[in-house]
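**Student:** Single-letter residue listing:
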Amino acid sequence: MDDLLTRFLPRFVESARARIRHAAELFAARDFGKLASEMHTLAGEASVLGLSEIGALARDAEHMARNATVDGCEEKLAEIERSIAVLSRSASSP
Amino acid sequence: MTQRILVVDDSPLTLEVVKAGLEDAGYEVACAVDLGQLEAERQRGRFDLILMDVQMPEAFGDDVAMVLRSVRGEETPIYLLSTRSESELAERAKEAGIEGYISKQAGIPKLVERVRAILSRGGNG
Chain A
0 MDDLLTRFLP RFVESARARI RHAAELFAAR DFGKLASEMH TLAGEASVLG LSEIGALARD
60 AEHMARNATV DGCEEKLAEI ERSIAVLSRS ASSP
Chain B
0 MTQRILVVDD SPLTLEVVKA GLEDAGYEVA CAVDLGQLEA ERQRGRFDLI LMDVQMPEAF
60 GDDVAMVLRS VRGEETPIYL LSTRSESELA ERAKEAGIEG YISKQAGIPK LVERVRAILS
120 RGGNG
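If you read the sequences in order, they're chains A and B.
Numbered by numbering that gives the first Met the number 0, the letters in the first sequence go through residues 0 to 93 in order.
Numbered by numbering that gives the first Met the number 0, the letters in the second sequence go through residues 0 to 124 in order.
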């Protein structure tokens with residue numbers, strides 16, 4: 000794991016989990032504008048840390064929100080949440 | 000003399016990561032999380048490069064850049080910094096009348112590489 004990722008990973012995981020929780024609430028309220036914005040920010044934070052898989056998933060969710068696509072959006076958020084969990088476990092394992 | 004870069008982004012985490020990456024590469028970096036801070040930093044001193052996020056709560060970064068360049072006469076090279084598609088960023092940068100864009104999608108090493116190239120060519124790289 001490179002230096003920047005090591006330095007910022009705990010903060011990223013904490014922030015990303017909060018964003019996904021907020022995104023689920025926004026989806027339930029069908030607030031697609033704010034949901035797109037939340038996913039856009041998550042995509043940027045993941046991308047600068049080189050977490051390209053999470054960045055791509057967040058961009059997918061952003062595009063779905065921009066198009067107000069209901070089908071598959073919750074599954075996409077769940078997929079991001081699982082990826083964050085895997086990342087968190089890999090970071091904490093010796 | 001150390002080259003100075005101003006990074007504008009509404010995500011504090013993104014700002015910190017970009018700042019750390021650029022500082023590790025030897026640049027002096029100031030950050031602005033909103034338009035008020037951007038203006039304060041511009042008044043505090045001159046920069047060699049401005050990196051501007053596109054999607055911010057108060058305004059689109061390319062609109063802000065266009066005002067800086069065409070209304071306020073900002074001569075510092077300005078590049079958009081975003082995860083949006085390269086074709087969209089190219090179009091936005093062109094319409095704003097600024098030097099170009101850098102994609103966030105490739106991560107910090109590529110961003111630093113691009114900044115080095117830009118600054119070695121006087122901001123037009």
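There's no promise every hint is true.
As the list claims (entries may be wrong) - Okay, the calculated bits of chain A under chain B, using three or more residues with CB under 8 angstroms as the criterion:
id, segment
1, 8–19
2, 34–47
3, 51–65
Stated by the list, open to error - Restraint-style ranges between C-beta atoms, simulated for each label pair:
id, chain 1, residue 1, chain 2, residue 2, range
4, B, M0, A, A67, 28 to 36 angstroms
5, A, R6, B, E27, 16 to 24 angstroms
6, B, G44, A, E78, 25 to 33 angstroms
7, B, R43, A, V69, 42 to 50 angstroms
8, B, E57, A, R81, 43 to 51 angstroms
Simulated from the structure, these hints should not be mistaken for laboratory data.
Treat the numbers as computed from the prediction; the structure is a model and nothing was measured.
Note that CB positions come from ideal geometry on N, CA and C, so glycine has one too.
**Student:** Can you give the numbers of the hints that this structure goes against, from lowest to highest?
**Tutor:** Hints 4, 6, 8 are the ones this structure does not satisfy, whereas the remaining hints hold.
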